[in-house]
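Please take these sequences and the hints and turn them into a complete structure.
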Amino acid sequence: MSKYKKTRQEKIIADFNRQVYSLEKKNIFSLKNNYPTTIVYNDTASYSYVFRDVSKTLILTLILIGLQIILFFLLKKQVLLIPNLNY
57 MSKYKKTRQE KIIADFNRQV YSLEKKNIFS LKNNYPTTIV YNDTASYSYV FRDVSKTLIL
117 TLILIGLQII LFFLLKKQVL LIPNLNY
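The sequence shown begins at 57 in the numbering used here and counts up one residue at a time.
FYI, nobody ran anything at the bench for these hints, they're computed from the structure. For each residue, glycine too, the CB sits at the ideal point set by N, CA and C. Incorrect hints may appear among the rest.
If you anchor each label on the Cβ, the simulated ranges turn out as follows [claimed, not checked]: (1) Thr94 with Leu114: 47 to 53 angstroms; (2) Phe129 with Ile95: 55 to 61 angstroms; (3) Val135 with Thr113: 50 to 56 angstroms; (4) Lys133 with Phe107: 37 to 43 angstroms; (5) Gln134 with Ser104: 46 to 52 angstroms; (6) Tyr97 with Gln124: 43 to 49 angstroms; (7) Leu131 with Tyr97: 52 to 58 angstroms; (8) Ile121 with Leu141: 26 to 32 angstroms; (9) Ile126 with Ser102: 43 to 49 angstroms; (10) Ile115 with Pro139: 29 to 35 angstroms; (11) Thr93 with Leu123: 54 to 60 angstroms.
Have a look at this one:
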């Protein structure tokens, strides 16, 4: 293998490329913001719809449980008779 020796022109071009690359690298870093980014969460959202939904569900559940208890006692005292159903 023969050794290849760079010419003067190639050395000048290589030096110029290194200077341009170092300037580009410095510019890239100087444009970046050195401050840490902070994320702000908005916790002031109102959850009134959740309270409304839970209250409606609770009211409906209590009504159904009440009707079931009333139906149980009516069938147990035989005030209400349903065929083929014995209590």
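How the hints compare with the structure:
1. Thr94 with Leu114: 47 to 53 angstroms: At roughly 40 angstroms between Cβ atoms, Leu114 and Thr94 fall outside 47 to 53 angstroms, so the hint is violated.
2. Phe129 with Ile95: 55 to 61 angstroms: 58 angstroms, holds
3. Val135 with Thr113: 50 to 56 angstroms: 31 angstroms, violated
4. Lys133 with Phe107: 37 to 43 angstroms: The hinted range 37 to 43 angstroms holds for Lys133 and Phe107, with Cβ atoms some 39 angstroms apart.
5. Gln134 with Ser104: 46 to 52 angstroms: Holds: the Cβ-Cβ distance is about 47 angstroms, inside 46 to 52 angstroms.
6. Tyr97 with Gln124: 43 to 49 angstroms: 44 angstroms, holds
7. Leu131 with Tyr97: 52 to 58 angstroms: Holds, at about 55 angstroms.
8. Ile121 with Leu141: 26 to 32 angstroms: 20 angstroms, violated
9. Ile126 with Ser102: 43 to 49 angstroms: This hint is violated: roughly 38 angstroms between Cβ atoms.
10. Ile115 with Pro139: 29 to 35 angstroms: 33 angstroms, holds
11. Thr93 with Leu123: 54 to 60 angstroms: Distance hint for Thr93, Leu123 holds at roughly 57 angstroms.
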